[in-house]
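K.L.:
Could you fit the two chains together into a complex? Lean on the hints.
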Amino acid sequence: MVKVTINNTVVEVPESYTVLEAAREAGFDIPTLCYMKEINEVGACRVCLVEVEGARSLQASCVLPVRDGMVIKTNTKRVRETVKTTVELILANHDRECTQCVRSGNCELQTIAEDLGVTGLKYQGAKRVKKYDDFSHSIVRDTSKCILCGKCVNVCKKTQDVGILGFQNRGFNTTVGPAFDRPMTETDCLFCGQCINVCPVGALMEKSDIHRVFDAIEDPDTYVVVQTAPAVRAALGEEFGYEIGTRATGKMAAALRRLGFNNVFDTNWAADLTIMEEGTELLGRIQNGGVLPMITSCSPGWIRYCEFNHPDFIPNLSSCKSPHQMFGAIAKTYYAEKKGLDPKKMFVVSVMPCTSKKTEAARPEMEVEGLRDVDAVITTRELARMIKQAGINYNKLPDEGFDNIMGEYSGAGVIFGATGGVMEAAIRTVADVLTGQDLENIEYAAVRGVEYIKEATVTIGDLDVKVAVVHGTENAGRLLEMVRNGEKDYHFIEVMGCPGGCVNGGGQPQQPQKVRDVIDLRVARAKALYEEDQILEIRKSHKNEEIKKLYEEFLGKPNSHKAHDLLHTHYTSREK
Amino acid sequence: MAKKLSQEECFAKLNEAIEVHKGSQGALMPILHEAQHLFGAVPLDVQKVISKALSIPLAEIYGVVTFYSQFTLEPNGEFLIGVCMGTACYVKGSGPILDRISRELNLPVKTTSQDGKFTLIDTRCIGACGLAPVITINDDVYGRLTEAEIPSILAKYINA
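Residue numbers (our numbering), protein chains in the order written: chain A, -6 to 569; chain B, 127 to 286.
Pulled out of the complex, with its shape left as it was, chain B reads as follows (with noise of 0.2 Å):
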């Protein structure tokens, strides 16, 4: 979907929700989450479009971008593989889970492999206690895991 489009594309798309929401209360935030789907992060140049329509400060609006774990300043993969180190998820194993993924991938944590296939992030809690430990992979969830499963849930996306 959005990586299809061009950059002079995203730009484009990105201008026009600067034009909805500009003038209304909070209009960063919307706009951040237009970027953050159109060009898979919120980098240096895109801010700097985002600060100048809206005369926000550059500092500021890095400091949103840094503060939300939704964006990013770079893409990540083309799977986003969450962690959850939420208390439930962090007493029930998930730290040797989140190890066993970073070696099975030879990947450290809250970073992109090379063929930009998998970044791997450690995650609050996403709310989904009673399942614990718990990962994400972009919308698959997988719950009660224990180590031994991982590389079999890899397996399917190294694949893919």
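This is chain A alone, in the form it adopts within the complex (with noise of 0.2 Å):
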């Protein structure tokens, strides 16, 4: 530990700590734009400087290590008005088109100024290149608001070890994206929307679909039909002033109403499901010497990732669509059939935690008789931007429940928005069939968390089955590099894109990084969906009703003929 001074307050510290740190610690709120812990120490914005006894020039604090006895100014007229101007600079080649900008109002640059006092400014001059991509399905790129702070380039490369962005050209022309200048859509890209969630600005943001959501919801002949992903009531509240990890599923599902959608369902519903048919699908593989191990393929950002970078392994990947794919698939045949609905007018929507999801419901295999399973995909922000836009008030809006006969679902299909959550329904159900018992201890502890990789050996009967689960894409290349070299052996894989799982999806909202440094989205928001799963009363997919009655009515058992036509998939190497 040391001894640092800051603003005459003393604080003793790790030695690991950097000034930045040990200024929080102390109480004081250093503003910052790039940094960003362990993934983008590079010190570039230079809106964290800061005045060091004995130093000459102010120093960025985010990439300063503490030093026994440093005496630290953070909060002189030397600091205020370097800083400012310094932002100020950064504000004059930017596109200042704040009214029109996606991020107002949610916007660190934007915030930084305001707090900074910035209300002129002293410069004006040339704007930074513009160069704008909304080619893809899932993600829009627009150089003129980027600010260079390069926290999109360095999670793509280092937590998603995809780097499909980098810094091109040089001096005022610099420009952040892929090479060539190449739209997304003909990278590599995930779009798992990692990068957008840490733009402090709006350079990067989802493709909107809400006119098309909002066209179809008016249009009188169009059956409208929403459905919900577990990690998007784990987050929608925030986006209202709730705090992280307060549980929206009341609200949400009285909001959609409102919004119009004529029929409120979940995905979790579809969750259970997919357990039923993945569970399934492993105790195939494992009792008939199928490909093992078998690796979920809930998650698109993951699917991408594996069809570019580790192809070999698609014959371990489940073939079982994502749940919200499922969810419309059926939709548009058991639901429309007993409701004697024209499915060919009925328009599917998912609220996904995702921008990933916006490109798989595009994937050309993913229709049934030549109709979308899924016909628009929004994020958790878009669902919350079509709210505030219908006038709805949130904070006003009672709780309710999800509709019939697609919306009863298991806590076992809350789980699958948090890493390890997949797993932990996966083992709830095998175990039970496996052993032909009703089993009581449920929870699988070893299989939650945060911690890169999770394993376990999960005793079922007499089968020992060894599990693991990964999330981030990067750990996920890291884990397939140890099977295939026979260090690691296993029979069931999880694999979430995103770090955390679903309820860090680059779809759910953006939490400017002086929040995500203190607080661990990925544990926050995970705990509203344990605590949801606790409070039901099943948890466990193959125990809800609903999808029991599925089974009986419709699809005969799980991986039936029929099960395989509609909620079954395939997947394509692809070239980078």
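These are calculated hints, taken from the structure and not from any lab test. Treat the hints with care, since some could be wrong.
[Said to hold, decoys possible] What follows is a list of derived Cβ distance ranges for each label pair:
hint: 1; chain 1: B; residue 1: E135; chain 2: A; residue 2: K151; range: 31 to 41 Å
hint: 2; chain 1: A; residue 1: R89; chain 2: B; residue 2: D241; range: 42 to 52 Å
hint: 3; chain 1: B; residue 1: S181; chain 2: A; residue 2: F128; range: 23 to 33 Å
hint: 4; chain 1: B; residue 1: G166; chain 2: A; residue 2: E34; range: 30 to 40 Å
hint: 5; chain 1: A; residue 1: E568; chain 2: B; residue 2: E135; range: 20 to 30 Å
hint: 6; chain 1: A; residue 1: P176; chain 2: B; residue 2: S181; range: 21 to 31 Å
hint: 7; chain 1: B; residue 1: E200; chain 2: A; residue 2: R378; range: 39 to 49 Å
hint: 8; chain 1: A; residue 1: E330; chain 2: B; residue 2: K148; range: 57 to 67 Å
hint: 9; chain 1: A; residue 1: R205; chain 2: B; residue 2: S181; range: 35 to 45 Å
hint: 10; chain 1: B; residue 1: R229; chain 2: A; residue 2: D108; range: 46 to 56 Å
Built from N, CA and C at the ideal position, the CB exists for glycine as well.
P.N.:
Written out as structure tokens, the structure reads:
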């Protein structure tokens, strides 16, 4: 431990701390734009400058290690004016069309400018190069907003092991983007949206599908059903001022109803269905000598990562479609049949914590008899915007439930949204099926939490099932390498493309870095899902009555011919 | 020299260079230099080979190639004309010299003529401030220039 004096306050902090961390410990908020612990510690934006006694120039506190006896000042005229000038210079070439920017009100640059009292601009001049890429289904890139902080570059490279974004050219012409300025569709982008989540400004955003959804709702001839992914309820409240980790399930259902959807359903229902299909597939592979380890296929970012980077593992991927695609396929067949609806006039909307789901829904194989499984995917953020645009007072909404016959769900379905959740849900069902019992001990702590790889051996009857859970594609790549070279050996692996799983997906509410630095969103949001799991009476997918009925009335049994037609898919090896 | 090699030979030589440098720290720069030398540029297909061999994302390699002026994405012309825009040259009138060359050759700055003969670029300080204003044509250096001298200098290369 070392002693540091910050603005006359003495704090004792570990030697590994930076001045920024020490200042925060002492209760002083230093602004940052480019800093992201362990991912982007580059001292590039120069808004975290502090005065260090004995040093001639101001120092970037985010990359300055503490020394014993250091005397720091964060709040002098010199610091304030220098940082303000820095921000004014950033703003001078920034595309300041704030009112037309999707991040207005939630922009870290705007917030810092406001905090520093920037009211007029001393500098006027050339603007940044504008390159605009909205070719993909998922992500829009606008370099005129970019402040070159480099967070997206390093999240893409380090956290996700993809690296499609990089700095290019030099000096004032520097931009961030894919090589040769190719559209993201022509790269191996996962469309995971982690870059969007860390972007402090509006340079990266999702491709909005709000208008298509509003238009479908408005059209009297279209029957619009909506489903919500498990992780959406763990974060939607944040957009309306609720504490991180507040469960929004009831208000979310109420809001969707008021938006005018004909039916409000839940992807959790389809998560239970997925477990029936995926669990059966796993048992089949174990019992019949199929390809093992089997790897989950719910996360479209992970699927793209596997297709581009580890195509040798494609046979290991579960053939199950992801839950929301299963939902769409069943909605336009079983549900349409039961309700006497024309599936051609149905419009299925998925509310997802994910930007990659937009691209997944557009994959050519995601259709049944010429009809798309899912017609539009909107993110958690887009749903919040729709609620605001429709003038719905979220805070006053009552708690409501989901509609029958695709709305009931088990606790197992809820926890799909957190890393380890799909694995735990699968084990709950597989264990019951294999032992023929109704096991009471169903919480598998070994697969929960945010450790980069979680392993467990679950003894079910006389079978030892070896499982592993990873999240974030960089971790997935590392694990696959170990499986490939024989270092590790499993029956079943769960991979979620985003760190922490869907609760931290690229379509979730954007929290500023200073919040992300102190609150682990992955943990706080996952807590909401595990809470919901605990209060539910039914916590195993195969106990879901509506799912049982679906098999009785329509599908026959899991992995039946019909189930294969509707609920399973295939993958493609892709060249980078 | 290099241009006489076939594409296949160039790629074979590139792979040799990759083998030599692979695994060492900062392997990318010497490999890019070799690629630029072999191919006269570092285009997409070459960058892809390097990216795969070194496990460095394409975007990062593209970033390095576009950062350093020694690397180009398309081959330069037979004669690379560099007009120094460093401070000393600039105040001594390299601007009008650049304009004059551009006019004489009917060639915008940072482009290559259609016949592949000339590439015209403006450069940062080349360190020959004592000769300001200065231009280079391949390895030839022309200093203390006036605009009037330009046509006769260019004529040597046009007729070469």
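K.L.:
Does each hint hold? Answer for all of them.
P.N.:
Checked hints:
1. B:E135 to A:K151: 31 to 41 Å: 37 Å, holds
2. A:R89 to B:D241: 42 to 52 Å: Given about 45 Å between the Cβ atoms, the range holds.
3. B:S181 to A:F128: 23 to 33 Å: The hinted range 23 to 33 Å holds for B:S181 and A:F128, with Cβ atoms some 27 Å apart.
4. B:G166 to A:E34: 30 to 40 Å: 38 Å, holds
5. A:E568 to B:E135: 20 to 30 Å: Given about 25 Å between the Cβ atoms, the range holds.
6. A:P176 to B:S181: 21 to 31 Å: 24 Å, holds
7. B:E200 to A:R378: 39 to 49 Å: For A:R378 against B:E200, whose Cβ atoms are near 44 Å apart, the range 39 to 49 Å holds.
8. A:E330 to B:K148: 57 to 67 Å: 60 Å, holds
9. A:R205 to B:S181: 35 to 45 Å: 40 Å, holds
10. B:R229 to A:D108: 46 to 56 Å: 52 Å, holds
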